[in-house]
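Enquirer: What follows is the residue order along each chain.
There are 2 protein chains.
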Amino acid sequence: MSDTGFVLDPRLQADSLPVAQLGLCELRLMNDARFAWLLLVPRRHALVEIADLTAAEQSQLWQEASRAAAALRTVAPCDKLNLGALGNIVRQLHLHVVARVEGDAAWPGPVWGSGRAEPYAPGQLAARIEALRGALGANEG
Amino acid sequence: MSDTGFVLDPRLQADSLPVAQLGLCELRLMNDARFAWLLLVPRRHALVEIADLTAAEQSQLWQEASRAAAALRTVAPCDKLNLGALGNIVRQLHLHVVARVEGDAAWPGPVWGSGRAEPYAPGQLAARIEALRGALGANEG
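Line order of the protein sequences matches chains A and B.
Numbers in my numbering are just positions in the first sequence, counted from 1, shifted up by 870.
Numbers in my numbering are just positions in the second sequence, counted from 1, shifted up by 870.
Read the hints as simulated data drawn from the structure, not as lab findings.
Cβ coordinates follow ideal geometry from the N, Cα and C atoms, glycine included.
Take these hints with a grain of salt, some might be off.
[To be verified] For the chain B half of the interface with chain A, some residues (derived, Cβ under 10 Å), not all of them:
{"id": "1", "residue": "928"}
{"id": "2", "residue": "933"}
{"id": "3", "residue": "934"}
{"id": "4", "residue": "943"}
{"id": "5", "residue": "965"}
{"id": "6", "residue": "976"}
{"id": "7", "residue": "995"}
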């Protein structure tokens, strides 16, 4: 249960911005204005599969995903949440939570591998991260 | 905590075959020989999002997904497991667990929306379902 040796994969780092440090996971926002899209990355060394976490950590991962999903819905109302753990390209364990809207850039297909990311304008990005932090705070306790 | 009113979505029924009744979920095999691909469908009425389950049911869902994933890996060794809950097309809550192999028909993209399913030959299908049941049994207790 230590963060020792955890280093965020450089591709995840390049594609996303930090939102919050949860108990287990680093919560990040994908820098793609097409979708409201969060990543949860457990801060543990050398994880690939969910089964590489202990049972207690897995339970914590799902609780943090649930909390992140609730905050995301508050900030970005959606028609359907999408949850995914793929890792075919970046093997470091990470979980996607995406707010999908009917008719969005990938609808009804998955966001993964769909077109090119469209970075947020700087003000938009800061506003979304602040809104997410507010929604996470409001969900606490 | 009752199955009352649960009816499997007809599209999920048409695309997959029953493997086992777990405590919460119906476990099914997608009839697509391109991928070793399981579905978990919680037997509860009118579920769309994971958040529609109680906290206890969510915990059970993840435990059953973990058990299903372990059985799948036994039967179909893979390079990466993919887990997904999308529901953009079929809204009834269902969770995908897919054994991915480098170079498979969708690699490294997601399986969802990728090409057309290739049904198993009948003998293959029965053999895979039996193997999965055996692996699930071996994981019990």
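Enquirer: Now look at each hint and say whether the structure bears it out.
Expert: Do the hints match the structure? See the list:
1. 928: With Cβ-Cβ at 6 Å, under 10 Å, it holds.
2. 933: Since chain A brings a Cβ to about 8 Å from residue 933/B, closer than 10 Å, the hint holds.
3. 934: violated, 12 Å
4. 943: holds, 9 Å
5. 965: holds, 8 Å
6. 976: At about 9 Å, which falls below the 10 Å cut-off, the nearest Cβ of chain A leaves the hint on residue 976/B intact, so it holds.
7. 995: Violated, because the Cβ-Cβ distance from residue 995/B to chain A comes to roughly 26 Å (cut-off 10 Å).
Of the numbered hints listed earlier, those contradicted by the structure are 3 and 7.
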